[in-house]
Amino acid sequence: MRSNSKLSFAHPPARPGEKPDFSAVDIPPAGVLAVPALDVTATDCIELANSLIRVLDDDGRPVGPWADYLGTPDAETLRTGLSDMMTSRVIDTRMLNAQRQGKMSFYIQQIGEEAIGCAFQQALRPGDMNFPTYRQQSLLIAGGYPLEKLLGQIYSNAYDPLLGRQLPTLHSAREHGFFTISGNLGTQYVHAVGWAMANALTGKENIAVGWIGDGSTASNDFHTGLLSASSYWPPVVLNVVNNQWAISTYTGVARGHGRTYAARALGYGLPALRVDGNDYLAVMAVTKWATERVRGGHGPVLIEWYTYRVGAHSSSDDPSAYRPKDEAKAWPLGDPIERLKQHLIARGDWSEQRHIQAEAQILAEVVEVQRRVEAAGTLLDPQPIPGASIFKGVYADTPEHIRRQRQEMGV
Amino acid sequence: MPHMTMIEALRDAMDVMLERDDKVVIFGEDVGYFGGVFRCTAGLQKKFGEERVFDTPINESAIVGLGIGMAAQGMKPCVEIQFADYVYPAYDQITQEAARIRHRSNEQFSCPIVIRMPTGGGIYGGQTHSQSPEALFTHVAGLKVVEPCTPHDAKGLLIAAMQDPDPVIFLEPKRLYNGPFNGDHAAPAQSWKAHPLGEVPEGHYAIPLGKARLHREGDAVTILTYGTMVFVAEAAVDRLGLDAEIIDLRSLLPLDLETIEASVRKTGRCVVIHEATRTSGLAGEIIACVQEACFYHLEAPIIRVTGWDAPYPHAQEWDYFPGQERICRALTSVMES
Numbered sequence: 001m002r003s004n005s006k007l008s009f010a011h012p013p014a015r016p017g018e019k020p021d022f023s024a025v026d027i028p029p030a031g032v033l034a035v036p037a038l039d040v041t042a043t044d045c046i047e048l049a050n051s052l053i054r055v056l057d058d059d060g061r062p063v064g065p066w067a068d069y070l071g072t073p074d075a076e077t078l079r080t081g082l083s084d085m086m087t088s089r090v091i092d093t094r095m096l097n098a099q100r101q102g103k104m105s106f107y108i109q110q111i112g113e114e115a116i117g118c119a120f121q122q123a124l125r126p127g128d129m130n131f132p133t134y135r136q137q138s139l140l141i142a143g144g145y146p147l148e149k150l151l152g153q154i155y156s157n158a159y160d161p162l163l164g165r166q167l168p169t170l171h172s173a174r175e176h177g178f179f180t181i182s183g184n185l186g187t188q189y190v191h192a193v194g195w196a197m198a199n200a201l202t203g204k205e206n207i208a209v210g211w212i213g214d215g216s217t218a219s220n221d222f223h224t225g226l227l228s229a230s231s232y233w234p235p236v237v238l239n240v241v242n243n244q245w246a247i248s249t250y251t252g253v254a255r256g257h258g259r260t261y262a263a264r265a266l267g268y269g270l271p272a273l274r275v276d277g278n279d280y281l282a283v284m285a286v287t288k289w290a291t292e293r294v295r296g297g298h299g300p301v302l303i304e305w306y307t308y309r310v311g312a313h314s315s316s317d318d319p320s321a322y323r324p325k326d327e328a329k330a331w332p333l334g335d336p337i338e339r340l341k342q343h344l345i346a347r348g349d350w351s352e353q354r355h356i357q358a359e360a361q362i363l364a365e366v367v368e369v370q371r372r373v374e375a376a377g378t379l380l381d382p383q384p385i386p387g388a389s390i391f392k393g394v395y396a397d398t399p400e401h402i403r404r405q406r407q408e409m410g411v
Numbered sequence: 001m002p003h004m005t006m007i008e009a010l011r012d013a014m015d016v017m018l019e020r021d022d023k024v025v026i027f028g029e030d031v032g033y034f035g036g037v038f039r040c041t042a043g044l045q046k047k048f049g050e051e052r053v054f055d056t057p058i059n060e061s062a063i064v065g066l067g068i069g070m071a072a073q074g075m076k077p078c079v080e081i082q083f084a085d086y087v088y089p090a091y092d093q094i095t096q097e098a099a100r101i102r103h104r105s106n107e108q109f110s111c112p113i114v115i116r117m118p119t120g121g122g123i124y125g126g127q128t129h130s131q132s133p134e135a136l137f138t139h140v141a142g143l144k145v146v147e148p149c150t151p152h153d154a155k156g157l158l159i160a161a162m163q164d165p166d167p168v169i170f171l172e173p174k175r176l177y178n179g180p181f182n183g184d185h186a187a188p189a190q191s192w193k194a195h196p197l198g199e200v201p202e203g204h205y206a207i208p209l210g211k212a213r214l215h216r217e218g219d220a221v222t223i224l225t226y227g228t229m230v231f232v233a234e235a236a237v238d239r240l241g242l243d244a245e246i247i248d249l250r251s252l253l254p255l256d257l258e259t260i261e262a263s264v265r266k267t268g269r270c271v272v273i274h275e276a277t278r279t280s281g282l283a284g285e286i287i288a289c290v291q292e293a294c295f296y297h298l299e300a301p302i303i304r305v306t307g308w309d310a311p312y313p314h315a316q317e318w319d320y321f322p323g324q325e326r327i328c329r330a331l332t333s334v335m336e337s
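Residue numbers (this note's numbering), protein chains in the order written: chain A, 1 to 411; chain B, 1 to 337.
Calculated directly from the structure, the hints in this document are not laboratory data.
The C-beta atom is built at its ideal place from N, Cα and C for all residues, glycine as well.
Fair warning: there could be bad hints in the mix.
Stretch by stretch, here's where chain B covers chain A in the computed footprint (C-beta under 8 Å, at least three residues) [stated by the list, open to error]:
#1 161-167
#2 178-186
#3 196-206
#4 217-231
#5 386-396
With these hints in hand, go ahead and build the complete structure from the sequences.
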């Protein structure tokens with residue numbers, strides 16, 4: 001007898017050598033989805049979790065209930081957002097080049113995903129805590145983190161606040177609301193929930209913010225995080241950055257026969273929204289709503305940010321081996337910097353000329369910091385932090401066996 | 001001084017700390033309303049409320065992962081894994097997160113969490129209620145690993161663990177929960193209520209982590225052991241009438257190297273005993289430390305007595321458990337060398 005079952009294996013719409021094809025991506029018009037009440041329940045989020053919240057229409061105009069909810073941001077706020085995204089991209093470009101020159105071991109770009117971190121960070125307050133992934137330096141850049149420290153961590157030199165202990169881009173910046181990143185995936189989604197529980201238990205008004213990629217929604221701890229948030233209802237925003245690719249693995253493998261990642265949350269009883277992550281205004285509007293909901297004691301929420309990973313997974317990856325080279329250009333939701341720029345120009349608050357000037361200014365600033373940081377050591381000119389430093393902070397107090405090993409190292 | 005079982009002593013430690021420090025929270029499977037399958041947290045939710053003592057879903061990664069997030073935000077979680085055999089879903093959280101947060105953040109964040117779990121065999125628990133996984137944790141820099149064998153130590157060490165700034169794996173030898181056990185499963189059960197080591201001071205006291213306990217002083221041979229095996233080793237020594245020194249290590253990471261080395265230098269002979277499987281077990285590490293520091297004082301090869309390298313059996317439990325007979329053979333061999 002033959003089995004009636006045939007296994008299913010997800011495939012991307014196009015592979016190298018083929019024409020990029022996003023025809024199956026279902027994009028509703030901007031402005032059609034409603035803004036729910038802050039205390040909305042999961043059962044009333046079915047459309048919001050399965051459709052796509054967009055604010056900027058194809059002409060760069062904000063439309064619909066989410067645009068109304070956001071109001072008209074002042075020009076300076078949006079210019080700051082644009083500048084943050086441009087800074088992030090300049091850093092990504094220059095750091096990848098430096099990595100290619102052999103100045104650092106490794107780098108992870110976030111090109112195409114800048115709007116999510118840059119706009120989200122604007123809604124956070126001192127004392128709020130992000131539990132980020134490795135592709136979210138945008139949170140730090142938008143949060144005013146000193147570029148010396150940001151680059152110092154990447155070069156693992158004397159500017160590195162983490163003393164060279166972590167791979168480039170695995171930052172930690174408590175004072176800037178950025179939890180120490182671990183290279184294993186998913187675990188920190190649960191920490192965000194635990195941190196938020198601690199805030200609630202100790203009467204702190206602050207919130208926690210969990211981040212995970214679409215690939216890592218497959219991890220145990222994604223489900224552990226959702227379940228824990230559902231069980232205890234703490235003040236946490238749980239984000240999924242869906243950038244379509246988990247290294248070389250097409251997002252459909254992690255999504256399976258589910259329609260969206262946002263919809264995963266509904267089964268746990270968590271409200272969920274799905275948003276165009278390349279639309280800076282949509283990110284602003286939904287972040288405003290989500291943080292208001294959570295700060296107001298209405299409980300957790302999950303947001304799926306729909307975006308596209310333009311760069312390689314990391315400096316060690318070559319995406320031309322598994323997806324069409326020009327796929328990023330075909331992404332139907334465009335580029336977040338270009339879209340905000342066009343919106344600002346349409347508002348009369350920006351111009352091509354100002355944009356070019358701003359680009360030059362940001363580049364000069366980054367280059368200046370990069371020169372200073374590189375002077376403190378690169379892999380081509382190593383000025384390492386002394387080896388004995390690795391024994392400090394394994395424990396609060398150094399035990400005897402580690403003291404002996406430090407002696408054995410010869411220091 | 002009152003007598004307590006180890007269960008009562010552990011509960012008393014948590015009671016004292018819940019009272020003293022409002023950052024302390026206790027949670028795990030069945031620990032809230034019901035008070036734990038071994039009753040270690042009985043009555044604590046009623047006394048302190050469910051924001052301090054609560055139930056969790058059956059998800060060890062949640063129990064530890066939430067605890068890590070809470071600890072990093074300044075709380076002092078003391079969580080229970082129902083059996084050490086169930087800890088593996090939390091192994092990623094323990095080894096790659098709890099153990100490293102202080103170090104990798106250059107001390108921006110820390111993780112003062114206590115993870116309690118019943119360990120060891122002797123209760124007809126089969127392979128998923130009898131394991132001794134201590135070496136899986138002593139291999140991890142950044143963790144502390146503790147295993148008391150008396151009610152007095154259980155309370156004082158648990159309080160110390162809950163006050164410690166770093167993550168502590170707190171292993172509770174479940175066969176000793178209600179009374180000492182000398183390895184003779186056919187003998188009537190003993191109770192801590194009639195045992196001098198069942199005396200437990202009232203109120204707050206802490207026993208420093210990292211210090212071994214001299215269980216019995218002697219000059220002929222050093223026995224290094226911990227947990228249930230302390231009492232089995234003592235019975236074997238009594239049977240042989242040996243002048244053995246028994247050191248209850250109780251802190252498995254860090255080890256009390258000074259106490260261990262001083263004893264072996266004195267006796268010149270050493271036997272290491274644990275319930276856990278042999279290969280890559282903690283005994284191997286202890287023996288390496290001893291021979292590195294005491295080689296020229298040794299008069300005989302060091303022998304280890306351990307669980308066999310097989311999954312913990314059900315019906316063959318007493319063939320597996322390192323009982324008095326095997327310890328007597330090892331001691332005799334070390335004394336005759």
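Open item on the list: Can you tell me if the stretch 386-396 of chain A counts as covered by chain B, using C-beta to C-beta distances under 8 Å and a minimum of three residues?
Closed with: holds (count 4)
Open item on the list: Between the stretch 217-231 of chain A and chain B, are there enough contacts, at least three residues with CB-CB distance under 8 Å, for the coverage claim to hold?
Closed with: holds (count 7)
Task: Verdict on chain B covering the stretch 178-186 of chain A, where coverage means 3 or more residues with a C-beta closer than 8 Å - done: holds (count 4)
Open item on the list: For the stretch 196-206 of chain A, count the residues whose Cβ lies under 8 Å from any Cβ of chain B; is that count three or more?
Closed with: It holds: at least three residues are needed, and the stretch 196-206 of chain A offers 6 whose Cβ sits within less than 8 Å of chain B.
Task: Check of the stretch 161-167 of chain A against chain B for coverage (Cβ-Cβ below 8 Å, three residues minimum) - done: Since three or more residues must qualify, the claim that chain B covers the stretch 161-167 of chain A holds, with 5 doing so at under 8 Å.
Going through the hint list in order, the structure satisfies each hint without exception.
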